[in-house]
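One letter stands for each residue in the lines below.
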Amino acid sequence: MWKIFLVLGLGFLVGFSGQLTEKGLRINARLQTVWLMLLIFCMGVGIGRNQEIIQALPSLGGKAFLFALFAVAGSIAVVFLLTKLFLPKGGTK
Amino acid sequence: MSKAILIALVLGIGAGMYIPEIWSAFLDASSSYMLLILLFCVGIDMGVHREVFVQIRRMGLRILVIPLGVVLGSLAGGALCAMLLQGDVMEGIAITSGLGWYSLSGILMTEAGNPAGGAISFLSNVFREVFTFLLVPILARRNVYVAIAPAGATAMDTTLPLLSKYTDSQTAILAFISGVLCTLAVPVLVPFFCI
Chain A
1 MWKIFLVLGL
11 GFLVGFSGQL
21 TEKGLRINAR
31 LQTVWLMLLI
41 FCMGVGIGRN
51 QEIIQALPSL
61 GGKAFLFALF
71 AVAGSIAVVF
81 LLTKLFLPKG
91 GTK
Chain B
1001 MSKAILIALV
1011 LGIGAGMYIP
1021 EIWSAFLDAS
1031 SSYMLLILLF
1041 CVGIDMGVHR
1051 EVFVQIRRMG
1061 LRILVIPLGV
1071 VLGSLAGGAL
1081 CAMLLQGDVM
1091 EGIAITSGLG
1101 WYSLSGILMT
1111 EAGNPAGGAI
1121 SFLSNVFREV
1131 FTFLLVPILA
1141 RRNVYVAIAP
1151 AGATAMDTTL
1161 PLLSKYTDSQ
1171 TAILAFISGV
1181 LCTLAVPVLV
1191 PFFCI
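Chains as they are written, first to last, in this note's numbering: chain A, 1 to 93; chain B, 1001 to 1195.
Hints are supplied without guarantee of correctness; some may be wrong.
[To be verified] SDA-like mimics (lysine to any residue), calculated; alpha carbons at most 25 Å apart, straight line:
| id | chain 1 | residue 1 | chain 2 | residue 2 |
| --- | --- | --- | --- | --- |
| 1 | A | K84 | B | I1107 |
| 2 | A | K3 | B | F1040 |
| 3 | A | K23 | B | A1116 |
| 4 | A | K63 | B | I1107 |
| 5 | A | K63 | B | F1040 |
[To be verified] Okay, the calculated bits of chain B under chain A, using three or more residues with CB under 8 Å as the criterion:
| id | region |
| --- | --- |
| 6 | 1086-1097 |
| 7 | 1185-1195 |
Everything labelled a hint here was simulated from the structure, so no lab data went into it.
In this text, all values refer to a predicted model and were calculated from it rather than measured experimentally.
Idealized CB from N, CA, C, for every residue including glycine.
Could you build the full structure based on these sequences and the hints that come with them?
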């Protein structure tokens, strides 16, 4: 966990220093998109090579899928309600 | 964009199943380093848009409604799902209180004496992370706060780059805070509902 704080903090300092040009920031954004896709691919590899997941899938997959669906739907609903009530309009992107 | 994510994910899962073990082990291990590089880039974005910290400070303790909503919604979802399946409600809540942290939540349930529930919890929280990858780009278009909701505990690491890309710096910081608090909540919540 400390590694996450460390790299976020380092990146923050680089951004905060104002040394990056407009062009550098554009490259940063484009790099992030490519890295993100690579990361998701690699995380997929992690799931695919995990025998525990693949073997449990046929028997427990349906139940696990439903629980995940309900957890996500519940989170979305409650966060929607609470942020509508308490936070300034975050709006959309 | 969700489509590209789905394709990358499916290709990855397929590759993980069929390419030689040496390669898949390498790719699997490299993902944690890639994540750190990405988080460095996310940090840069946060540093550049430092004005958002002022806005977040203005929100004060109200920012806690996001992690609170994530936890309450997840627990309620678990209870509802267990009722629907006519199973043990407490077990259902224990499963969804993993908040997407699959490597820990399954182990916690197994250690608490419920290995069958642990297996479901592990798989279910893997699914939650997958759902998050697919839902964030869609949700972010409508409401950036809501886009944080599916991520749960993963908002502080694996899904933070995604949230940063599809929302804005302010939301990314709110997501990170929410992810940290959810991460702290998992080791407390799961054993609590395993009684």
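Taking the hints in turn, this is what the structure says about them:
no., hint, verdict
1, A:K84 / B:I1107, "violated, 36 Å"
2, A:K3 / B:F1040, "holds, 10 Å"
3, A:K23 / B:A1116, "violated, 53 Å"
4, A:K63 / B:I1107, "holds, 18 Å"
5, A:K63 / B:F1040, "violated, 37 Å"
6, 1086-1097, "holds (count 3)"
7, 1185-1195, "violated (count 0)"
In summary, the numbered hints that this structure violates are 1, 3, 5 and 7.
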